[in-house]
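**Student:** One line per chain: the protein sequences are X and G, in this order.
Residue 1272 is where the first sequence starts when you use our numbering, and the numbers rise one by one after that.
Residue 491 is where the second sequence starts when you use our numbering, and the numbers rise one by one after that.
In short, the hints are calculated from the structure, not lab data.
Because the structure is a prediction, the values reported are computed rather than measured.
Some clues are possibly wrong.
Derived CB-CB ranges, DEER-like [as the list claims (entries may be wrong)]:
id: 1; chain 1: X; residue 1: R1339; chain 2: G; residue 2: C686; range: 49 to 55 Å
id: 2; chain 1: G; residue 1: F788; chain 2: X; residue 2: S1444; range: 53 to 59 Å
id: 3; chain 1: X; residue 1: R1486; chain 2: G; residue 2: G864; range: 54 to 60 Å
Chain G is nowhere near these chain X residues, computed Cβ spacing over 12 Å in every case [unchecked claim]:
id: 4; residue: R1336
id: 5; residue: Q1337
id: 6; residue: L1404
id: 7; residue: G1417
id: 8; residue: D1495
Cβ atoms here follow ideal geometry from the backbone N, Cα and C, with glycine treated the same way.
These are the residues of each chain, in order.
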Amino acid sequence: MRVLVIEDHAGLAKNVARALRESASYAVDLSPDGQDGLFMALSTPYDLVLLDLMLPGLDGFAVLRQLRASSSRVPVLILTSRDDKETTVSLLNAGADDYLTKPFDISELVARCRALIRRSRGCATPRLQIADLVVLPESMTVTRAGQPITLTAMEYRLLEYMAYRPRAVISKSELLEHLYDYNWEKFSNVLEVYISSLRRKLNSDGAAPLIHTHRGHGYMLVRDPAP
Amino acid sequence: MNLPIRIRLSSSYFLIFACASALLVGAAWWMARRSLLFELDQEMQEHIDDVHDFVVANDLGADEARTRAAIYAEFNRQDEGKWLQIEDGQGNWIYRPWRMLLSPQSLPPAAFLPVHGDVIEFTAGRHTVRALRRAFTVNGRVWVVESGITLTKTDAVLNRFRDDLLLIAPLVLLMAGFAGHLLSRRALDPVAAIACEAQRIHEGNLQTRLPSLETGDELAHLSRTLNDMLERIESSVRSVRDFTAHASHELRTPVALIRSEAELSLCFDRTPGQYRETLEEIGAEARQMSSLLDSLLFLARVDAGTEEAQLEPADAHHICSTAARKWRPVLSEAGIEFSVELPSGLLTVMADRLYLPRLLNIVLENAGKYTSPGGAVRLSLTAEGERAHFEVADTGVGIPRQDQAQIFDRFYRAASVRAARIPGSGLGLSLAAWIAARHQTKIDVVSELGAGSSFSWTLPLQFPGAESLTAKGPESVAAQECRTTVV
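Just chain G, with the same shape it has in the complex (with noise of 0.2 Å):
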């Protein structure tokens, strides 16, 4: 059924009260007829009580003529369409009214008749009659008598409280569902409201909000939960928009260098060496652009779901000796003492073999960048009950301390580090973040202002086990480190 909500409801709404407003006029009707009928039993039981009555008081029942005389004396008046007939145990007439001697019509015997008599309904001449016969013994002698009431009256009273009823039930129908009309429209006009609301709102103005209601009620809490729906959209949108101009400005900026380099040294006539020094700087701008291009690839590639790491048994050791090989020249190069401490067997973890070089390399740049000569840098790599721990440790720059929850985040730089010019793009951290979400771990930063800082992340063993036949805790580790000082 495609009807608007408000035509169902109202619909419905006057369907049901149709429904039991018929109920209600059947009952009440059934209801009186039978508190009248009940009324007219009782007074016909109290007719056959008084014959009864009388018989005794009056010791009749011997004597017959005397029996038919006093009982046409007590009963034969008019009647007002109540009426008795007498009969006795065998069938003959004791004493009967004239309207009956018109439809002449015996009594069941005695025998046949409940102790509280039964209750019949006949028609008599024009009208319909209900009687109840009962039949009494008095002085060994069976009296059967019958009281009759004719029905006209109450039939009259039944058929006029009907007519009102017939009368009032449709207007009442009528006004309750014009009531439900007006209720259903009142309760959806709201939801009219706030549809229309949510219409107007589209990319270009995603900070309005839908009006606020103050019922507390269901459309309140939906109004609420459409706003907390706009909210997240809102947040989402804006942190595609700053990733764009962070993204804009990374790029641009070294386009910006590098055409103007080339520009302003075709502005005029240079030696040889200041086209050297021109090239190189546009080489290395150039060279740092791709790199940033990369990450912002990576990241995309993030964004969009394409990444994801492949965890499977991999061999840590021999990853951290390759990171150390490939940093070794460039810290040395910077003047910064280099360490790597490794345990001398396997230790087999769970990681992507592409991320988790990756995840090193970052922290291993960013703690050669940010460590000034004469500095050091420790790459330490232990296995700590079930875990493998992975330690990058330099005595670097240091992080703020107010800064170092916003360092995972994208494009984020320290004021520190943006006033030192040390350059950088502020995605490695936040790729690194990724990587041991990936991996299911997380990468905890200490760091003091100056005196440096320290990244360092677990992983599950592969073989938990086998640990002990290669390091035997952090003493035996020590003793069997292989330590590498390059200076």
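Extracted from the complex, chain X is given alone in its bound form (with noise of 0.2 Å):
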């Protein structure tokens, strides 16, 4: 899942990026301006949008104004300082899908952008289950069978994103757009590379495979998949 923070504050921007890549391994760019963040917005598809409301260039309600009238669909979280009810209607109202007040807790802020995703997934429980396959994102942890399997952080992000979309053929470039930011060399084969390595720990005890290629298309995660 990628995720755009746009936040003028460097620490706090700075703080919620790492507390999203940590708590939840999500790719997060970074704009510290309405305007740059407005255009990332709608040129990267992103999976959630952090949103401060006093924000220089454009304020954070234009930005979510601009984004909802070019029919972005993208969730988009609230973070701001003013709390009072009439701000509260209006930012819902104009489209944002939830709202944070400063000072926030911050594993409060990664449960909301966890749900948020989960909803804009379409899915409502939080265990995401593929025959035998179990993944957790509200702890990052992955089962087969019953038995824990240990993932790197970005091998946990592929396998996350597939699993909010399963038997869904998934092409190598939106891949690429929702697991990396910004700061990231984008070289395919790199992808391939964490592919094989989640084959191999997904089916260490011989177990039927779940990721299948699709040549000339992109992967796909199902037990049994179509002749």
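Make the complex out of the two chains shown on their own, each in a separate frame, by following the hints.
**Tutor:** In structure tokens form, the structure reads like this:
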């Protein structure tokens, strides 16, 4: 999952990014300016946008309105110090999905981000299950047939993304767009390395393969691929 | 009197109208009576003139019998309420009508009568009579003539006229009272409407305005005045709200940072180096927050009106050198060249001993913040005529022209400064402007984007004469300046 944090306070933005990377294994981009943030949000398919209200360039409200005016469907979580009812109501009416008042609890922020992404993926249960594979985003743990599997952060990020869309063919470019932030070097063969190591870990004791390659199209996470 | 203005207005209108109509009725009756009586008097004068002309024409008077006979023949007829009595100067009757025989009363002697006659009124039988008595002399003989008319007809006419007036006056009065009531209602209804609208306005809907009347009268003026007042109240409430929103943003963001910093570092095990970094970050943020709190509290006191500058003679030289000592290490650490130009002698200015250093600190702090390493900051104090001139100039980022007017606004920070991620709350210069205003001066800003800024202000010198001893114009200042350069 890839998240955009539009927040002008550098220290806070850095901490939020770190929390999302460490506690949820998300790829995080930062923008300290409303105008740049809007441009980034419109040009990149983010899975979530965290938006501060008081921003230089373009204020958060305007960013939100323009985002929705361009019919962007990305979930938006507002981070702000204003907690009056009118602001809350008008923000939600303008298309915000959730709202968190500063100062906030970092674990609450991460939980809300997770919930927003889960909802935007059309999923209600916090447990992702494909056959005997279980992915728990809450604790970033993966088990297969009850046996815990240890994954690196990048492997987990890849598996979680695919687990939200089981039985769908996910193209390589889509994976690249959603798993890496701007600072990453994008080499597509790096992705293949992760896929193969993930395959190896998931099928360690000779279980049925779950990740299938559709040559020229992408990858699919499913137990019995359609013929 | 606590009656509603509407009732007071209509009742006073009614009273004034009643008095006016009573006066008018009285005056009309009196004038009618006067005209009628004047006409009667004229008729009686003519009557007496007739007697005179008759006497002259017939040359009467010498022969008593002929005179009586001629006058009887001429004047004795049906009198229709008018009659004559004629007497000679000695009180002997020459002519008397039958009416007067009932109440024999002699006429006054000719000498007592005025030239134009004398009017009297008396009662004869059932009638009131008005009579004119006049004397004249023909052929050496005195004639005293009385012409009289009964007032029966006149009285009847006057009484009828009075009755009509008394009937019409209350009717007119009633109509006038009703009209007055309607008028006052019509005039005061808009006031009631304005009051009703004004009652509905409270803190939550201050943007509503009273209906503006297009009549151009006093009420339109009233509603316009109230609307202007609402405008002012709304703008001050809005500025309070803005201030609160800004202040809460400025305070909550650092708190959010401190919390997230602590929570993040407790999430997983960290190395001692990472913990140290976290604590340093928290410490720095807390320091910035406490200086922000100081500024906010100062502004709150300014708004509450409890902060007042105490202007007293202060040594400007000392204040500047103290500020320079404080900022020299800070600026030198930031790699900025700091030069101070002070006159050698004393410069005593009228200033507050706490606020003037604070003003210098704010401007110097800004100069340091917005100047990159390798740049220069210059603090100078000079005497110019009767005023001391303070200036802090830097070679920093400069202020864009469109932002220069707003830099003294609370919480205002130029977009370029925000983008450059230079910390600050946007309160410093608003405090500086307040301090300058308390010293009856104004901060002048000269700035060019990318080339630097200069902030300067002047204060009146306490002993302008003494200035010649210490500083003799700009050249001598340059010669005497004690220049300090720290790199």
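**Student:** Does each hint fit the structure? Answer for all of them.
**Tutor:** Evaluated hints:
For the pair X/R1339 and G/C686, the beta carbons lie near 41 Å from each other, so the given range of 49 to 55 Å is not met. The hinted window of 53 to 59 Å between G/F788 and X/S1444 holds, with their beta carbons roughly 56 Å apart. The given range of 54 to 60 Å is respected by X/R1486 and G/G864, whose C-beta atoms sit roughly 58 Å from each other. Every CB of chain G is more than 12 Å from the CB of X/R1336 (nearest about 19 Å), matching its label as outside the interface.
For X/Q1337, the shortest C-beta to C-beta distance to chain G comes to about 18 Å, beyond the 12 Å cut-off, and the non-interface label holds. No Cβ of chain G approaches the Cβ of X/L1404 within 12 Å, the least distance being about 26 Å, so the stated non-interface status holds. Consistency note on X/G1417: stated as away from chain G, and its beta-carbon is indeed over 12 Å from all of that chain's, at 26 Å minimum. The Cβ of X/D1495 lies farther than 12 Å from every Cβ of chain G, with a closest approach of about 39 Å, so its non-interface assignment holds.
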